[in-house]
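Number of protein chains: 4
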Amino acid sequence: MSARLKLGMVGGGQGAFIGGVHRIAARIDGQWDLVAGALSSNPDRARASAADLGIAPDRAYADFAEMARVEAAREDGIDAVAIVTPNHMHAAPAIAFLNAGIHVICDKPLAASLEDAEAIAKAAANSSARFILTHNYTAYPLIRQAREMVAAGELGEIRLVQVEYAQDWLAEDTSNKQADWRTDPARSGAGGAVGDIGTHAFNLAGFVTGLRAEELAAELTAFVPGRRVDDNVNVMLRYPGGARGMLWASQVAIGNENALRLRVYGSTGGLDWEQETPNIMRFTRFGQPTQLLTRGGAGATLEGQANLRTPAGHPEGYLEGFATLYAEAARMIREGAPAGANLPGIADGLAGMRFIAASIASSRENGVWKPL
Amino acid sequence: MSARLKLGMVGGGQGAFIGGVHRIAARIDGQWDLVAGALSSNPDRARASAADLGIAPDRAYADFAEMARVEAAREDGIDAVAIVTPNHMHAAPAIAFLNAGIHVICDKPLAASLEDAEAIAKAAANSSARFILTHNYTAYPLIRQAREMVAAGELGEIRLVQVEYAQDWLAEDTSNKQADWRTDPARSGAGGAVGDIGTHAFNLAGFVTGLRAEELAAELTAFVPGRRVDDNVNVMLRYPGGARGMLWASQVAIGNENALRLRVYGSTGGLDWEQETPNIMRFTRFGQPTQLLTRGGAGATLEGQANLRTPAGHPEGYLEGFATLYAEAARMIREGAPAGANLPGIADGLAGMRFIAASIASSRENGVWKPL
Amino acid sequence: MSARLKLGMVGGGQGAFIGGVHRIAARIDGQWDLVAGALSSNPDRARASAADLGIAPDRAYADFAEMARVEAAREDGIDAVAIVTPNHMHAAPAIAFLNAGIHVICDKPLAASLEDAEAIAKAAANSSARFILTHNYTAYPLIRQAREMVAAGELGEIRLVQVEYAQDWLAEDTSNKQADWRTDPARSGAGGAVGDIGTHAFNLAGFVTGLRAEELAAELTAFVPGRRVDDNVNVMLRYPGGARGMLWASQVAIGNENALRLRVYGSTGGLDWEQETPNIMRFTRFGQPTQLLTRGGAGATLEGQANLRTPAGHPEGYLEGFATLYAEAARMIREGAPAGANLPGIADGLAGMRFIAASIASSRENGVWKPL
Amino acid sequence: MSARLKLGMVGGGQGAFIGGVHRIAARIDGQWDLVAGALSSNPDRARASAADLGIAPDRAYADFAEMARVEAAREDGIDAVAIVTPNHMHAAPAIAFLNAGIHVICDKPLAASLEDAEAIAKAAANSSARFILTHNYTAYPLIRQAREMVAAGELGEIRLVQVEYAQDWLAEDTSNKQADWRTDPARSGAGGAVGDIGTHAFNLAGFVTGLRAEELAAELTAFVPGRRVDDNVNVMLRYPGGARGMLWASQVAIGNENALRLRVYGSTGGLDWEQETPNIMRFTRFGQPTQLLTRGGAGATLEGQANLRTPAGHPEGYLEGFATLYAEAARMIREGAPAGANLPGIADGLAGMRFIAASIASSRENGVWKPL
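Going line by line, the protein sequences match chains A, B, C and D. Note that numbering that gives the first Met the number 0 has the first sequence beginning at 0, numbered continuously upward. Note that numbering that gives the first Met the number 0 has the second sequence beginning at 0, numbered continuously upward. Note that numbering that gives the first Met the number 0 has the third sequence beginning at 0, numbered continuously upward. Note that numbering that gives the first Met the number 0 has the fourth sequence beginning at 0, numbered continuously upward.
Only true hints are included.
Just so you know, same-sequence chains aren't split out, so a pair can sit in one copy or run between any two.
Listed below are the simulated SDA-like cross-link pairs for lysine to any residue, each with C-alpha atoms no more than 20 Å apart in a straight line:
no.: 1; residue 1: K176; residue 2: R226
no.: 2; residue 1: K176; residue 2: G286
no.: 3; residue 1: K369; residue 2: A350
no.: 4; residue 1: K5; residue 2: G53
no.: 5; residue 1: K5; residue 2: N98
no.: 6; residue 1: K176; residue 2: R308
no.: 7; residue 1: K176; residue 2: A311
no.: 8; residue 1: K176; residue 2: L307
no.: 9; residue 1: K5; residue 2: D28
no.: 10; residue 1: K176; residue 2: P310
no.: 11; residue 1: K176; residue 2: Q304
no.: 12; residue 1: K121; residue 2: A91
no.: 13; residue 1: K5; residue 2: A55
Just so you know, these hints were derived from the structure itself, not from any lab.
Model the full assembly from the supplied sequences, consistent with the hints where possible.
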């Protein structure tokens with residue numbers, strides 16, 4: 000094994016959620032060391048958070064722009080930066096690090112506005128560095144296997160996509176650090192559930208089917224009194240070749256914790272996968288009994304076996320899927336592009352932003368179909 | 000127990016499916032004897048089918064009109080008739096028996112056209128007899144319980160309805176008695192899946208929530224080459240008071256046998272029920288662990304206990320739910336209207352027909368919202 | 000169809016449980032009419048119960064012996080009698096009807112004592128009539144299919160049997176008609192759970208595997224203070240050919256309603272079935288994905304398709320399984336022995352009694368292995 | 000955060016399984032750096048494996064005794080050593096490191112023989128260092144919660160333990176590195192399945208109930224021709240206070256990957272948990288609906304919330320449970336004994352060895368009850 004790669008982080012200071020997830024994900028496979036950070040826009044919290052994480056004081060930055068400049072100049076500068084700020088704070092650091100030639104691993108959705116998203120895309124196009132968007136659900140082994148099975152024609156021609164992402168944590172008017180920024184249009188963007196989780200669902204469907212939706216009709220609703228963004232989104236989708244889809248994302252569906260589910264039906268077979276039990280997937284060939292495919296179990300495909308840390312029956316979860324993105328990013332940095340073939344990137348991010356924008360537009364115009 | 004009631008049947012001769020179901024349902028609780036029938040439009044088959052079923056030769060009719068006339072005149076004439084013909088053959092016999100003052104128990108959907116449906120409704124309005132539509136899924140004990148719980152406010156204000164009915168038996172171009180008439184617009188009506196199973200889903204959602212949808216936007220698709228009616232339908236729904244819904248019905252979703260599922264989410268709770276495991280229902284109060292409610296088990300409500308034949312843990316199924324309709328019909332005939340309060344009738348039938356018509360119309364106009 | 004067969008019933012008057020189940024089971028397939036009964040040892044209740052059930056007054060007997068005599072003499076006498084009394088009241092009526100040449104359909108376990116059981120066996124051996132024991136769980140379509148699959152070698156050589164039957168309704172010291180006689184050694188026999196539900200589990204394992212256990216070691220426990228019979232039984236089993244088994248039956252396992260489960264493992268495959276979701280069975284060939292076999296679904300065997308009333312996905316349950324015993328009894332009476340090949344009978348009853356006796360004996364001797 | 004602790008490893012070189020698991024577990028929470036190792040008894044492989052893992056050449060030992068001596072003497076010597084060799088190679092290194100005052104984190108079962116186990120225990124008793132046995136399944140958050148619930152009396156008085164651990168990977172006569180040593184009595188000990196997975200099941204039951212079994216009766220079987228150790232074990236257990244248990248461990252139960260399941264029933268409640276879906280647990284209070292408790296979800300207890308890395312609905316798995324042992328070991332080393340209160344140790348190891356020995360002895364003596 001070569002020496003570990005060096006990771007920096009923007010955002011993710013004390014009290015944040017997704018920053019901690021990225022750090023665990025980066026550690027799991029032993030490919031990364033976190034060595035630098037601009038962990039908070041508050042200098043005191045930035046310093047304290049860095050100390051907590053064992054980052055050397057001289058690499059605890061109060062400002063991401065300075066961090067990009069200094070790290071790019073260091074002999075031992077970071078190989079990549081993880082951007083784990085709220086959505087409206089993705090663009091500026093992403094562009095700064097891309098411009099500095101440092102790889103960017105950015106949380107989703109891409110940005111809080113289409114303008115910001117396009118600015119990132121432009122920076123990525125002009126940079127030698129790679130931009131990776133952590134649509135982590137795509138990295139579950141059975142999702143990789145599903146994608147491979149669809150591509151291999153195991154389902155025949157795709158007809159139907161049913162994707163849903165149901166949560167209930169915003170079913171009442173709650174206030175906490177997570178809820179606050181995720182329901183504030185200024186920080187999360189104009190979309191609420193549609194951006195926060197709808198983009199995951201939309202991306203996952205596209206990842207597995209290999210189809211890019213062409214049109215949608217949507218209805219966004221804010222059920223909780225006083226909520227300024229949607230907390231439920233109902234969408235109908237049209238895919239190339241005549242496939243049809245439904246997408247439902249909700250943060251007020253009481254009884255659901257993080258219930259992302261994808262079902263894909265083709266002319267000869269069907270697949271069914273749920274994120275909360277990610278080590279099992281149902282697969283049916285028409286006229287045959289449904290099979291329970293398991294992570295790394297009997298019938299696992301090449302992709303289904305590509306990123307296993309434990310044998311079948313030893314459940315891997317959310318963090319391991321996330322870790323695979325970091326492991327693949329490391330491999331891609333070391334070996335070049337093909338090693339990162341499965342990694343979601345700027346195109347996925349832009350597609351997600353278009354999904355958000357089209358959903359909002361359709362909903363405002365009484366559900367008229369909008370191109371994507 | 001009073002003596003059994005006397006049942007006649009129109010349709011349901013040899014080779015039919017739903018006729019046999021009605022007969023078992025009528026037998027289960029010992030309230031009915033099948034004593035007369037016009038079981039087939041083919042006189043030979045009508046006679047043979049009647050003999051099979053132990054119907055006396057003089058009450059084996061070749062013609063439903065004659066049957067209505069003769070039975071109405073007999074001292075020991077039938078109390079009710081079950082109509083189990085293909086959809087396009089519902090209206091004529093239903094009207095004949097209603098006009099003869101004989102109660103009608105009719106399979107769904109109400110008819111093959113809105114015109115026929117309205118003619119039935121008119122006959123029902125002018126008749127002393129009652130019209131019952133066998134939306135059998137409403138009679139599962141846990142569905143009755145769900146309705147009662149919603150009405151009692153256990154879910155708070157209803158926000159979301161997710162209802163789906165997925166099958167796969169028409170995923171290829173099959174030919175058999177069932178497939179043939181159900182995919183023939185002349186016999187089943189202009190709707191395919193939307194009428195055959197979509198109406199069940201639509202009805203069930205309304206039954207449980209007590210809400211009548213006001214508008215829908217739909218996309219109907221015929222995926223199988225050569226199919227003349229839709230085999231998949233995606234619908235968005237608007238309910239009074241701001242509740243929103245999604246309805247999916249498919250006969251090409253490979254891996255699904257008869258997967259009717261209803262989820263209802265309100266401001267304080269959520270429910271989740273699946274027809275293939277009908278003896279269990281998930282119920283969650285916000286902030287509390289999900290509960291597994293079982294048929295007749297702990298926490299069963301009055302309605303949930305009203306029609307049990309076996310204790311909890313002794314699964315009842317499709318036939319028992321169907322039988323409850325027949326038991327309640329018997330009770331209603333003996334005791335009068337309140338005993339039949341839960342029975343679906345002409346209003347449900349008309350709502351189902353409007354659902355079909357609006358879905359087709361919306362789909363033809365690129366998914367524009369249509370009133371119901 | 001020939002005319003219906005005529006059924007009598009001993010026991011099953013007002014307030015009983017299993018009598019009602021037998022009556023529904025007899026009605027479902029339209030093969031039987033209940034025309035006579037000695038429904039209670041209390042003459043008033045016997046009369047009232049008979050009237051409730053539409054039994055003519057002259058065939059409402061206060062005494063089963065009289066009933067056997069009179070019915071045997073009538074031109075239109077009953078074809079069979081259902082015996083649904085508490086266990087200690089099986090032998091006398093069973094023997095009376097067998098001696099009268101009337102077929103007996105008897106609830107399980109066979110009797111309250113081995114002596115009684117043997118007396119029944121002797122009467123059965125000397126009678127032209129058939130004795131059927133309602134081990135109803137053997138009649139679930141997937142259980143029939145499981146038996147056929149094992150016999151066909153689909154699991155290879157059987158190695159392991161795991162069977163369990165867990166309930167919780169006796170977890171506290173309750174008093175009601177059911178609890179009272181089932182925990183009274185004078186009426187249920189010396190075994191509690193071991194007889195009431197352990198025999199079902201034991202019988203089911205034997206039915207599916209085709210193996211008759213040779214030895215057992217058991218520990219019976221009465222957990223509820225004051226209980227006079229066991230409410231939990233742990234058993235280890237030895238089968239011919241080296242197969243091994245575990246059997247657990249409990250009426251104090253809180254959270255279980257009627258959780259009978261059978262798992263069978265052979266040298267090349269495994270099966271897993273649960274009574275509370277009886278329309279699905281897991282089947283695994285070594286090295287291949289687990290398959291979900293469904294009642295009447297893809298991959299159904301001949302036996303698995305032999306007794307279906309509805310298509311796959313339309314759940315059948317406890318009552319339909321029970322009904323199959325009545326339908327097969329009717330067919331056997333009409334067509335002779337082969338038609339009843341799957342029907343449990345006197346041998347199963349004796350095996351169950353030996354299972355109870357050996358379990359009690361082993362438990363009293365600190366778990367020593369006892370032959371069966 | 001203090002600086003990371005320093006970890007050494009004995010065993011776990013190229014081709015091993017559990018060594019890699021320990022390394023990931025040690026990394027996940029960022030508390031440990033792997034800095035030294037005697038990774039293989041083959042010097043070349045030891046060196047190569049160390050290089051793979053980024054261990055400095057001067058700390059890549061060919062011999063664990065040297066490693067213990069040198070590391071104990073270094074200023075920057077390791078804080079703890081992970082022993083991940085086959086069972087027969089646990090005792091010598093464990094004793095060496097304990098004698099050197101270095102904490103030991105040892106894989107289970109404790110040893111291949113009771114003699115070895117007792118030698119380790121003696122060394123542990125005489126050492127200032129702590130001995131931790133990686134019964135990793137005890138560290139699942141819901142298992143910790145279950146233990147807390149039992150201790151708090153939520154189930155009442157414990158009556159029944161049903162624990163099982165079913166796998167199928169040894170259903171045929173396979174040969175690979177894992178299968179080879181685990182079925183070789185010289186390396187795994189006289190027990191096969193009983194030691195490899197039976198000890199996990201036994202330990203888990205004791206951990207959750209807080210009860211130490213007093214007696215057992217067992218039957219061990221080797222089903223696969225030529226197998227020299229048991230591949231299936233059936234056990235009955237007696238606990239203090241009259242509780243009774245059944246334990247089943249099998250490596251030939253086709254269709255099971257790693258199916259460890261624990262059910263505990265008390266006088267007022269019951270629990271049910273399965274390792275392959277570790278983020279959910281069923282809990283029933285007598286007479287109330289079963290609740291689905293989720294990891295970190297509604298109703299989570301203090302222990303259930305103590306080691307979460309992600310919110311409810313974001314599944315954690317096998318590696319996170321394992322990681323909790325490493326995190327707690329780090330905390331215990333830093334803070335002292337109470338921080339390690341949940342960590343399994345030498346007493347658990349000895350209990351496991353007695354369980355193996357008693358099971359073998361009972362089985363040899365036809366299932367006689369043996370004290371533990």
